[in-house]
Structures are given as structure tokens and as C-alpha cells.
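Chemist: Based on the sequences and whatever the hints tell you, model everything.
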Amino acid sequence: KNQVEQSPQSLIILEGKNCTLQCNYTVSPFSNLRWYKQDTGRGPVSLTIMTFSENTKSNGRYTATLDADTKQSSLHITASQLSDSASYICVVSLKVAAGNKLTFGGGTRVLVKP
Amino acid sequence: DVKVTQSSRYLVKRTGEKVFLECVQDMDHENMFWYRQDPGLGLRLIYFSYDVKMKEKGDIPEGYSVSREKKERFSLILESASTNQTSMYLCASNVQGYEQYFGPGTRLTVT
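Top line first, the protein sequences correspond to chains A and B. Taking the working numbering, I'd label the letters of the first sequence as residues 1 to 114. Taking the working numbering, I'd label the letters of the second sequence as residues 1001 to 1111.
None of these hints come from the bench; they were simulated from the model. Here the structure is a predicted model, which is why all the values come from computation and not from measurement. Don't take each hint at face value.
Simulated restraints on C-beta separations [unchecked claim]:
no.	chain 1	residue 1	chain 2	residue 2	range
1	B	Arg1014	A	Asn59	25 to 35 Å
2	B	Pro1061	A	Ser28	19 to 29 Å
3	A	Ala79	B	Arg1014	42 to 52 Å
4	B	Arg1014	A	Ser53	51 to 61 Å
5	A	Asn55	B	Lys1003	29 to 39 Å
6	B	Val1012	A	Lys17	31 to 41 Å
7	A	Ser53	B	Val1095	15 to 25 Å
8	A	Thr26	B	Arg1014	38 to 48 Å
9	A	Ser53	B	Glu1030	44 to 54 Å
10	B	Val1052	A	Gly41	29 to 39 Å
11	B	Glu1062	A	Asn55	24 to 34 Å
Backbone N, C-alpha and C fix where the C-beta goes; we use that ideal spot for every residue, glycine too.
Modeler: Structure, rendered in C-alpha cells:
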């Protein structure tokens, strides 16, 4: 069964600190992996996308890594800001006959405290 | 700038009512999607459409139907709302193979 598991479910960090979110997947055949940020009451917005051959991708203070062999990804937030408080969703795309199908993780809710 | 809009941010309906959720995108995307999002379950695909008047069932289509009469508009219909359909509903659109852009969501409560 194609699954995407994220950990931890929630995280509280102090402003200015770093944190790392984890994503493990069993999706196959793999096409790409995205991290989305979802602010409360809003739709998800893409942060990064990585294909099979990429093992790291940065977007400002967000850095995503991918290990396609172990089927693990992480999202590292550097020098957290209050605006980083949100849910972070790992989304894995698999190749199907009709194109790509997305499998969503349950998300990690991050709260940044001053 | 990319834009996906949904007709309502919050909606309260009674059990048995027919409910329409509207989604409009202004990017000329061929694909449109309806998801529901529940705590701990992530986003689950209800229906998607790859062209006008075309639709495909997602993972949880039961109790829902959709309509796509124009390329920019994708409607989700709850024929007879039930309390277990209380959820956040998210619409998205994309060009095949590229990022999905999401709307702000509609939080539906069925009482």
C-alpha cells in the first residue's frame, strides 16, 4: 500500500531555533516529492520539489533532503520565525498510467514561540 | 499570479441538505481536484477532472458528485449532506505533471 508517514505530529520550538521534520514513504513507482506549507485556514503552498536524482533542495530558510534508497525525506527549518508556525505536509507523487497520483502525509504542525 | 478561489470559507448546513462547493481557477489549467482534509488523515482525493465534462473518482468518492461545465470551474456536490462529511474541503488545479495550486479551503459543518 502506498503510504506517507510524517513525524513528529506536532512540534513546539523557540523563535530562532532550528528544527527538522521527517517523512518516510512507501510509494512506488516514485516520481517526485514535495513539501507544502499550510498556514491555518489556508490551502497548502509548495515549498520544494525533488525528483529521484536530487538529494537536497533549498528555499530560503527551508532545506529539504531526499534519500531515495531509504525512501526518507526531511525538511529543515533554520533560524525559525513566528511566521513558520504552520502545518508542513510531505506529498509523494507516483507514476500511474494516467499521469501522476499524489499521496499526502498527515502533516507536522509546527508552533514557533517567541 | 496564480489564483484558485473557493466560493465560501465557512459553511454550515443541516443533515440531508444538498450542498454545492464551487471552485474557480484563472490559470487555464486542465486538471482540477477536490480533496477533503481531516485531522490525522491528511488530504484525501474525492474527485478530479482532466478536462471539461470529464471526471474521475478519487479515493473517497462515496456521497459526492462533481460537475465541470467550464474549464475554469469545478463544483463539488453533496447530494444529501451527512454529519460525517463535516470537514475542510480543498480545491486544487494544475497542468499535468506540475505543481498543484490550492484554494484557501471551505470549512463545512453539517449539523
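Chemist: Next step is simple, just say for each hint if it's right about the structure.
Modeler: Hints, one by one, checked against the model:
no., hint, verdict
1, B:Arg1014 / A:Asn59: 25 to 35 Å, "44 Å, violated"
2, B:Pro1061 / A:Ser28: 19 to 29 Å, "24 Å, holds"
3, A:Ala79 / B:Arg1014: 42 to 52 Å, "48 Å, holds"
4, B:Arg1014 / A:Ser53: 51 to 61 Å, "52 Å, holds"
5, A:Asn55 / B:Lys1003: 29 to 39 Å, "33 Å, holds"
6, B:Val1012 / A:Lys17: 31 to 41 Å, "40 Å, holds"
7, A:Ser53 / B:Val1095: 15 to 25 Å, "22 Å, holds"
8, A:Thr26 / B:Arg1014: 38 to 48 Å, "41 Å, holds"
9, A:Ser53 / B:Glu1030: 44 to 54 Å, "27 Å, violated"
10, B:Val1052 / A:Gly41: 29 to 39 Å, "31 Å, holds"
11, B:Glu1062 / A:Asn55: 24 to 34 Å, "40 Å, violated"
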